[in-house]
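Visitor: Position 151 (the sequence shown) corresponds to 172 in this note's numbering; numbering is contiguous.
Treat the hints as calculated values from the structure; they're not laboratory data.
All values derive from a computational prediction rather than experimental measurement.
For each residue, glycine too, the CB sits at the ideal point set by N, CA and C.
A portion of the hints provided could be inaccurate.
[Claimed, not checked] Using C-beta positions, here's what the derived DEER-type ranges look like:
{"#": "1", "residue 1": "S30", "residue 2": "L125", "range": "39 to 45 Å"}
{"#": "2", "residue 1": "E81", "residue 2": "T149", "range": "26 to 32 Å"}
{"#": "3", "residue 1": "I75", "residue 2": "R165", "range": "17 to 23 Å"}
{"#": "4", "residue 1": "D100", "residue 2": "G152", "range": "26 to 32 Å"}
{"#": "5", "residue 1": "A74", "residue 2": "G142", "range": "33 to 39 Å"}
{"#": "6", "residue 1": "V150", "residue 2": "C64", "range": "27 to 33 Å"}
{"#": "7", "residue 1": "L72", "residue 2": "N176", "range": "33 to 39 Å"}
{"#": "8", "residue 1": "R123", "residue 2": "P68", "range": "26 to 32 Å"}
{"#": "9", "residue 1": "N92", "residue 2": "V173", "range": "19 to 25 Å"}
{"#": "10", "residue 1": "I54", "residue 2": "N176", "range": "41 to 47 Å"}
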Amino acid sequence: KAISLGVMSKSFGLPGLRLGWVAAQDADLVRRILAWKDYTTICTSAPAEYLSAIALRHKETLIARNRAVMNENRVLLLDFFARHPDRFACEMPLAGPVCYPRYLGNEGAAAFCDALIRETGVILLPSTVFGDGDGHIRFGFGRRDMAAALGVLENYLVQKKP
Numbered sequence: 022k023a024i025s026l027g028v029m030s031k032s033f034g035l036p037g038l039r040l041g042w043v044a045a046q047d048a049d050l051v052r053r054i055l056a057w058k059d060y061t062t063i064c065t066s067a068p069a070e071y072l073s074a075i076a077l078r079h080k081e082t083l084i085a086r087n088r089a090v091m092n093e094n095r096v097l098l099l100d101f102f103a104r105h106p107d108r109f110a111c112e113m114p115l116a117g118p119v120c121y122p123r124y125l126g127n128e129g130a131a132a133f134c135d136a137l138i139r140e141t142g143v144i145l146l147p148s149t150v151f152g153d154g155d156g157h158i159r160f161g162f163g164r165r166d167m168a169a170a171l172g173v174l175e176n177y178l179v180q181k182k183p
């Protein structure tokens, strides 16, 4: 009963290309997924299909580049969390460009994220947007500007330190 999903946005670092695929052995499930896709979007844009085809022909290069960025950012995040044990508790994932640390501040994750974007422009998603209570924050670390974003976040935390 396994379902495998793939998208251009994560592994290939191409978030503007809203294109993906699904694989499953359950033929009825695949038919229902296709019907739902037809109901919601019918088809993808021609430019997205064209650019995705080019990306797939160069997948090794894109994946290597993205893996290098992710690995560098993983180290930055580990160092950041180590400097702020009063605010975050995180077990980094074994793979992938997303972590979901527990937020330890008194105001809650949603209030923290709301204030952060309002005051700095840095966007982090609280667990409330995923229907998962108010105790965690989603950090994506596949972007090249991670060091700068963490610098802004670090300054914010220092300014707001009780």
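Visitor: All the hints need checking, so say for each whether the structure fits it.
Guide: Hint-by-hint comparison with the structure:
Our hint of 39 to 45 Å for S30 and L125 is violated, since their Cβ atoms are close to 30 Å apart. E81 and T149 have their C-beta atoms about 38 Å apart, which leaves the hinted 26 to 32 Å range violated. Checked against the hint of 17 to 23 Å, the pair I75 and R165 passes, with Cβ atoms roughly 20 Å apart. Between D100 and G152 the beta carbon distance is about 31 Å. The supplied range of 26 to 32 Å therefore holds.
For A74 paired with G142, a C-beta distance near 35 Å keeps the hint of 33 to 39 Å intact. For the pair V150 and C64, the supplied restraint of 27 to 33 Å holds, since their beta-carbon distance comes to about 28 Å. Between L72 and N176, the C-beta spacing of about 37 Å keeps the proposed range 33 to 39 Å intact. Evaluation of the 26 to 32 Å hint for R123 and P68 yields a failure: the beta carbon distance comes to about 40 Å.
N92 and V173 have their C-beta atoms about 22 Å apart, which keeps the hinted 19 to 25 Å range intact. Against the hinted window of 41 to 47 Å, the Cβ-Cβ separation of I54 and N176 comes to about 45 Å, which satisfies the hint.
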